[in-house]
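Fit chain B to the supplied structure of chain A, relying on the hints for placement.
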Amino acid sequence: MGNVIGIGASPKRKEDQRFLTGRGSYVSDIKRPGMTAGAFVRSPHGHAKLRGIDKSAALAAPGVIAVLTGDDVADDGLGSLPCGWGITDAKGVPMKEPPFPMLAQDKVRFVGDMVAFVIAETPEQANAAAELLNVDYEVLPSVVGVLEAVRPGAPQLFDDVPNNICCDWELGDKAAVEAAFRKAAHVAKLSLVNNRLIGNPMEPRAAIAEYEPGTDRFTLWTTSQFPHVVRFLMGALVLNIPQHKLRVVAPDVGGGFGVKQFHYGEEAVITWAAKRVMRPIKWVASRSEGYVSDRHGRDHVTEAELALDETGKFLAFRVKTLANMGGYLSTFGPNIPTNLYGPLLGGVYTTPAIYCNVKVVFTNTVPVDAYRGAGRPEATFVLERIVDVAASEMGIDRVEIRRRNMIPKEAYPYQTPVLVQYDSGDPVGCLDGALVAADAKNFGIRKSESARKGKFRGLGYSTYVEACGLAPSRFAGRLGARGGLYESATVRVHPTGQVTVMIGTHNHGQGHETTFAQIVSEKLGVSFENVDIVFGDTDRVQFGMGTYGSRSLVVGGAALSKATDKVVAKGKKIAAHLLEAAEVDIQFEAGKFSVAGTDRMKTFEEIAGAAYVPHDYPLEVLEPGLEEQAYYDPVNFTYPGGCHIAEVEVDPETGTVTLVNYTAVDDVGTVINPMIVEGQLHGGIVQGVGQALFENAVYDEGSGQLLSGSLMDYCMPRADHLPMMKVETHSTLCTHTPMGVKGCGEVGTIGSPAAVINAVVDALSHLGVTHVDMPATPNRIWRLLQNASLPVAAE
Amino acid sequence: MQISFTLNGRPTTVDVEPATLVAELLREQFNLTGTHIGCDTSQCGACVVHLDGLPVKSCTLLAPALDGATLLTIEGLQGAPGSNRLHPMQEAFREHHGLQCGFCTPGMLMTAVALATEKPALTEADVRRGLEGNICRCTGYQNIVVSVISGAAAMNAAKGE
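Residue numbers (my numbering), protein chains in the order written: chain A, 1 to 795; chain B, 796 to 956.
Rather than coming from a laboratory, the hints here were simulated on the basis of the structure.
Quick reminder that beta carbons are idealized off the backbone N, C-alpha and C, glycines included.
Where hints are given, some of them may not hold.
[Stated by the list, open to error] Pair ranges (Cβ atoms, derived): (1) A:Ser286 - B:Gln797: 26 to 32 Å; (2) A:Leu622 - B:Asn879: 38 to 44 Å; (3) A:Asp585 - B:Asn826: 56 to 62 Å; (4) A:Gln17 - B:Ala952: 37 to 43 Å; (5) A:Thr735 - B:Asn879: 41 to 47 Å; (6) A:Gly702 - B:Asn826: 45 to 51 Å; (7) A:Gly77 - B:Glu823: 33 to 39 Å; (8) B:Asp847 - A:Asp565: 57 to 63 Å; (9) A:Pro723 - B:Asp847: 31 to 37 Å.
Next up, chain A with everything else stripped away, as it sits in the complex (with noise of 0.2 Å):
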């Protein structure tokens, strides 16, 4: 049985050697036989009629093989970007759904909207020719904002989607909200604002795509979180391509966050190029071209009212939120403000009543979706911060409010008012926990000592749920789902005994070859070193729903489970065969299939073996071989929460906030490897970190620009940053997942922005400071602490 590394243990990950040596296989270290590159022309405008393009300078130039526009793309009939969720709103109407093209047509509606790709035998000859690209466009007003994009007399994006509004969309009894306030003892109000964020994974998107006319085969790799889903979208809905004529391939990928789960117009546009030249073509983004064309996440503006009775117990949660969609409905889009935002207003809390209504807003910017967390770190800043301001104006203590509100343990499984019923979870176990990890107790006493060095030091926390795992198709359906969401995994065992493992998750980073192997080597009793992980190719792997939501170990890792449970199965029954005993007598453990009672027993490479040598076989009723498959479609969410407390000091001389302890107590159920969910809870926090103090996507209002168009000026944290964190699990088990697990690569983006922020308010509280719109910068609190006309040196 050799080397079992299983649940619970931390073995060193299988994929190091490879990123340690500098042996990773990225898309852009790919090089195929004769292949050309291509550049995009974007516009550099937010808001333009494209009255013509000129060719021909452009097709002159050194190199040059062939220059695409949206006339081209229409003359080939090839169909607009798909979105995967339609919404409706309170009446049932669905989203406005203009057309999303490849490239454009007739108008451009972001800086970096594509207008044409130029492929030349070298990238610098693309990226000149594409210089001399003359497109005459005519220069419309732009509007970036959503308040400014819903006004009277804004620039209209789409002559047929009024007021700029894609959907009104709501959620909640709005009556039984209306009847709670009225008799409410108290009533809460917060405008704010959550930032506009760009993921930045650090590998810069990329493709390579190559069209074989011996077989009419295509081939795509790509920079994808989900390449059967890219496939699908891409073959079935863009460029007509049958699926089994179709490969895409997303080999290792640099970091996704969401940025990498949509299909994009670069992909398809550079497939059917492919075919156009009959030359393999390699594209590869800048970081500045990837500022506008990846897609952006949050930009919310809310406004939210929390209904209390005279002991501070919620009554009724009310939130008004306009939601920034971009210039066009990516893959998620709609998704991601409305059921991913509204059923998380709840959070961990008894709240009776909830009302959501979100206006999606289409504006002159890069399309909005996912971004790591996606709605819900900002339902739970929303109602984080809104249970702060409430606790200040009643003179609650923070924790003690929160306490009030909580969900006892005793009372999951839980039905929320907004849809969602969550199966299990702690949330005063994981406060009680957290309070004592951040030596809560104590902090009067380092407060003081701040003071001592002229410096204000808040404490600030978060509680929180996310709905993550997607997830039930049948529920996400019924939501605007217009694909499935299950997931499904293959486990071939060899002849000697070793596995392979086709899975249809991806893996960017999360140690799936590491984790999943850690089940199989569990489950099956064979060694650790003996099984592979394949992921990523739509040739290799049978099909999948990729990795977002923190969805892989929770669905793909429940399929990998059922698979292995067949394998077993099956073993059994060659087993019984071999050792002359009914079925029921074989018992399968520790890698050995016995005879119950008895010393006969088979080893799983010795099953393995007959399975592909069946001389003594039970041909007559059982097939050869030891392969099975599974598809999983969770019943249900998973619903990983926690609580978050951070801790900051505030330099009253130059606004500087810095974050100097931070601690996490999260509950994501059963832990297969604690190294790897570590790091994905250090990784997500700071994300959100980089969110609350940092990182702000900043459009000019009227002509479009993107100010924050680089590294140069999008502030991303770094190791100087930031404090070493704790971070520690609270686990209760989910009830519905084979494993019990609930998922963890999000948690630390939703509790943190939150945390971060209620600790600065704290800090400037007796400065008379509510709130402090993301990111604190020093600049925003050096003005906040100017305007509140205080001595600023703390006495």
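Relative to the frame of chain A, chain B by itself:
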């Protein structure tokens, strides 16, 4: 133009366009694709290599600057060429889960080795400051910092043997 330099221990002569960046030269002409290009403003540090023993961002260095110099890339960092033996810093990153997607990792390692060479007894603050020019989006830096401190200690111990 023709330039001669030592690449990962081997004398090399190559014809280059003078405007070629070292990162491109390594990736395109030598197929050394472990040196990554993550940005266009010299901010991310995925392309860090050692030029005459010092860490440099190879996306901001023109190929003619290599003439007569010694260049070390991630592919030359490990023990014997062609072996799977890891450098103590690589070993520390594996041990402490100092990498996730792997894209920033080569640049992180090259910067870390240079930091540890310059100052063997690194503090947490030294490491955090020293990694200012390297961006990682996956790890939140925590395990990278732990890895670098541990790797530096291992490098130091190996030197003393």
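Taking the hints in turn, this is what the structure says about them:
Range check, A:Ser286 to B:Gln797: about 29 Å between beta-carbon atoms, so the 26 to 32 Å window is met. The supplied range of 38 to 44 Å is met by A:Leu622 and B:Asn879, whose beta-carbon atoms lie about 41 Å from each other. For the pair A:Asp585 and B:Asn826, the beta carbons lie near 58 Å from each other, so the given range of 56 to 62 Å is met. A hinted range of 37 to 43 Å is violated for the C-beta pair A:Gln17 and B:Ala952, which are about 23 Å apart.
Here the CB-CB span from A:Thr735 to B:Asn879 is close to 44 Å, well matched to the stated 41 to 47 Å. Here the CB-CB span from A:Gly702 to B:Asn826 is close to 47 Å, well matched to the stated 45 to 51 Å. One distance hint, 33 to 39 Å for the beta-carbon pair A:Gly77 and B:Glu823, holds here, with the actual separation near 37 Å. Checked against the hint of 57 to 63 Å, the C-beta distance between B:Asp847 and A:Asp565 comes to roughly 58 Å, which is consistent with it.
Between A:Pro723 and B:Asp847 the C-beta distance comes to about 35 Å, which sits within the given range of 31 to 37 Å.
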